[in-house]
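Asks: We have chain A; now place chain B onto it with these hints.
Chain residues, written in single-letter form:
Number of protein chains: 2
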Amino acid sequence: MIRAADARLDGHVRRTPLLSSPFLDEIAGRRVLVKPECLQHTGSFKYRGGRAALSALAPDVRARGVIAFSSGNHAQGVALAAREFGAPAVIVMPADAPRLKIENTRALGAEVVLYDRAGGESREEIGAALTAKRGLTLIKPYDEPQVIAGQGTCGLEIAAQARALGVERADVLVCCGGGGLTSGIALALEAEAPGLRARPCEPEGFDDTTRSLAEGRIVANAHGSGGICDAIVTPQPGEITFPIMERLCGPGLVVSEDEAMRAMALAFSRLKLVAEPGGAVALAAALFRGEEIEGDAVICTITGGNVDAAMFRIALETHGEV
Amino acid sequence: MIRAADARLDGHVRRTPLLSSPFLDEIAGRRVLVKPECLQHTGSFKYRGGRAALSALAPDVRARGVIAFSSGNHAQGVALAAREFGAPAVIVMPADAPRLKIENTRALGAEVVLYDRAGGESREEIGAALTAKRGLTLIKPYDEPQVIAGQGTCGLEIAAQARALGVERADVLVCCGGGGLTSGIALALEAEAPGLRARPCEPEGFDDTTRSLAEGRIVANAHGSGGICDAIVTPQPGEITFPIMERLCGPGLVVSEDEAMRAMALAFSRLKLVAEPGGAVALAAALFRGEEIEGDAVICTITGGNVDAAMFRIALETHGEV
Chain A
1 MIRAADARLD
11 GHVRRTPLLS
21 SPFLDEIAGR
31 RVLVKPECLQ
41 HTGSFKYRGG
51 RAALSALAPD
61 VRARGVIAFS
71 SGNHAQGVAL
81 AAREFGAPAV
91 IVMPADAPRL
101 KIENTRALGA
111 EVVLYDRAGG
121 ESREEIGAAL
131 TAKRGLTLIK
141 PYDEPQVIAG
151 QGTCGLEIAA
161 QARALGVERA
171 DVLVCCGGGG
181 LTSGIALALE
191 AEAPGLRARP
201 CEPEGFDDTT
211 RSLAEGRIVA
221 NAHGSGGICD
231 AIVTPQPGEI
241 TFPIMERLCG
251 PGLVVSEDEA
261 MRAMALAFSR
271 LKLVAEPGGA
281 VALAAALFRG
291 EEIEGDAVIC
301 TITGGNVDAA
311 MFRIALETHG
321 EV
Chain B
1 MIRAADARLD
11 GHVRRTPLLS
21 SPFLDEIAGR
31 RVLVKPECLQ
41 HTGSFKYRGG
51 RAALSALAPD
61 VRARGVIAFS
71 SGNHAQGVAL
81 AAREFGAPAV
91 IVMPADAPRL
101 KIENTRALGA
111 EVVLYDRAGG
121 ESREEIGAAL
131 TAKRGLTLIK
141 PYDEPQVIAG
151 QGTCGLEIAA
161 QARALGVERA
171 DVLVCCGGGG
181 LTSGIALALE
191 AEAPGLRARP
201 CEPEGFDDTT
211 RSLAEGRIVA
221 NAHGSGGICD
231 AIVTPQPGEI
241 TFPIMERLCG
251 PGLVVSEDEA
261 MRAMALAFSR
271 LKLVAEPGGA
281 VALAAALFRG
291 EEIEGDAVIC
301 TITGGNVDAA
311 MFRIALETHG
321 EV
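Order-wise, the sequence lines are chains A and B. The numbers in my numbering rise by one with no breaks, and the one at position 111 of the first sequence is 111. The numbers in my numbering rise by one with no breaks, and the one at position 308 of the second sequence is 308.
Bound-form chain A, shown alone (with noise of 0.2 Å):
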């Protein structure tokens, strides 16, 4: 599946480089390779998957139009793959969601549906009643097949450029929510890549994954969202996802929210990439957590760019010349 959706995403996907500097492989004690999945199109990784399962639709499945849930990344994936055959899209929002991300997504030619959090809307009851009304098709964050498909195309870009490079056998630190994209590369690493091995970085205190292939059974964070790292926060992994995970992945790594600042930080000065704070833990991870890796190399995913500027002068200015 992941060989088909790469196919299909052919010509659209960015085939983002693998970046590196040597002053982070001084920080982190060996070679540390970047996937700037920030450079994809609308800025993170999601759009893959997004892409993905918009194109494994039937065509006349598809131009009745699609819906999905989020505030964030997975929200912009699935509009400008749907902008792009021409399919109607609806992003159901929290109606509290940051006015830049709302008018993103509009931009990107959705129709967004704001419901009110706070005052007890469901918008799972929402969906459903436009889903029935007007025929569209749920699109998953993670925990969907096509989805997990179309994330795991980063995986085989992985596999062919280490091997390009010389490595053999490496952890790939991979920014983790529902594990979507953990799960997919660890497949594509399975098939191309066997001495390469993912594993999910968290941030502290939602470090479900984590927490959930230490105990080799599905654990909840204490907190469904919040924290600056929110693109990658899930209340637990997926149904779908985990069972591959387990399978496959090496053990979790947690970093501090402090560490994902840093980690921001050099990438802007040492590899000039802007990553979100949930987009740098893998990063962060590499640099800082070296005890905790194997090997003379380490890829690490950078899963999104999409912060506002105040975060990021925040995290200038707390790490700024390093």
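A portion of the hints provided could be inaccurate.
[Stated by the list, open to error] Distance windows between CB atoms, simulated:
# : chain 1 : residue 1 : chain 2 : residue 2 : range
1 : A       : G290      : B       : E215      : 49 to 59 Å
2 : A       : G109      : B       : E239      : 47 to 57 Å
3 : B       : G205      : A       : A310      : 25 to 35 Å
4 : B       : E294      : A       : R83       : 24 to 34 Å
5 : B       : M311      : A       : G135      : 47 to 57 Å
6 : B       : R3        : A       : R3        : 33 to 43 Å
[Said to hold, decoys possible] Taking lysine to any residue and the SDA-like style, the derived pairs with C-alpha atoms no more than 25 Å apart in a straight line are:
# : chain 1 : residue 1 : chain 2 : residue 2
7 : B       : K101      : A       : K140
8 : A       : K101      : B       : H319
9 : A       : K101      : A       : E144
[As the list claims (entries may be wrong)] One side of the interface only, derived from the structure: several residues of chain B facing chain A at Cβ under 8 Å:
#  : residue
10 : F85
11 : V274
12 : F312
Bear in mind the hints are in silico, worked out from the structure with no lab data behind them. Using N, Cα and C, we set each Cβ at its ideal position, and we do this for glycine too.
Replies: Then chain B, alone, in the frame of chain A:
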């Protein structure tokens, strides 16, 4: 020479992608394709020319070492290329250069020789003495054929990438200092994509190349240095680069420092890239000088991303939510 340089650079230079954003297209009123050389090794295109020049030297000459006068991107490009060849590099810098730039150049393995600009020391005299004593080879920043050939490899990539996207006719906007990159790209496009036309872009007050092209002779700036676009400010176009630009380039484009800062903020929010002020003038011209540009598409370089955190924060504070 450009093709030969490209062969020598293969496997060393980073082949930067061609990026885009529908939000930038909307501002410009046409398709905008961005060549992000800020993602090049050392954070600017200068590594291309440095590596091309070093790799063209006879091994015994190279082994004696190279010297460059630069406090900026050329210094880092030469330093990294020299380190890769195991050759000594001496970089002559003013003693009042930013500490971070001195440290970065040293960290790349170069010997940094500081001179007292205010005290009347001449960098040329210091350089000549070192060169004579140690048999070093001077690597000029732009008026040197092998350096131009190296920068021209960026033009070969643009030609191939534009062709793959079906863009046959377009202006190619290049941030221009002494003209090494602009003339190199112009030569590459002449051979590989004759429908693409290079055009130099400069900041107000340092538009020597634009005025030189308009007058048909080399004219200098009133001030040889200054402003926030320091990375691309030179006193006047080169003796070798100017005739090439005069034969092949379209008219220059001039933007304000404020427009360059706004382009930096848009590169942050829409491309997830870090651009330095001088590296953002071509993007600024693409976005804000549309009436001076022809065609349905425009290609522009982001030539570097070596900006300190304080300056970047100012760009985000001034133009952050765009």
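Asks: Hint by hint, note whether the structure agrees.
Replies: Hints and how they fare:
Judged by the Cβ atoms, the range 49 to 59 Å given for G290 of chain A and E215 of chain B holds: they are separated by roughly 58 Å. Checking the proposed 47 to 57 Å range against G109 of chain A and E239 of chain B shows it holds: the Cβ atoms sit about 52 Å from each other. Take G205 of chain B and A310 of chain A: their Cβ atoms lie about 31 Å apart, and the range 25 to 35 Å holds. Taking 24 to 34 Å as the suggested C-beta distance range, the pair E294 of chain B and R83 of chain A conforms, at roughly 28 Å.
The hinted window of 47 to 57 Å between M311 of chain B and G135 of chain A holds, with their beta carbons roughly 52 Å apart. In this structure, R3 of chain B and R3 of chain A meet the distance hint of 33 to 43 Å, their C-beta atoms being roughly 35 Å apart. Only pairs whose Cα atoms come within 25 Å are accepted, and K101 of chain B paired with K140 of chain A is rejected, the gap being roughly 47 Å. Pair hint K101 of chain A plus H319 of chain B holds up; C-alpha atoms about 17 Å apart against a cutoff of 25 Å.
Our distance criterion of 25 Å between C-alpha atoms is met by K101 of chain A and E144 of chain A, whose separation comes to about 24 Å. At its closest, the beta carbon of F85 of chain B sits 15 Å from a beta carbon of chain A; the interface hint therefore is violated under the 8 Å criterion. The criterion of a C-beta within 8 Å of any C-beta in chain A is met by V274 of chain B, whose closest approach is roughly 4 Å, and the hint holds. The beta carbon of F312 of chain B comes within 6 Å of a beta carbon in chain A, closer than 8 Å, and the hint placing it at the interface holds.
Comparing the model with each earlier hint shows violations of hints 7, 10; every other hint is respected.
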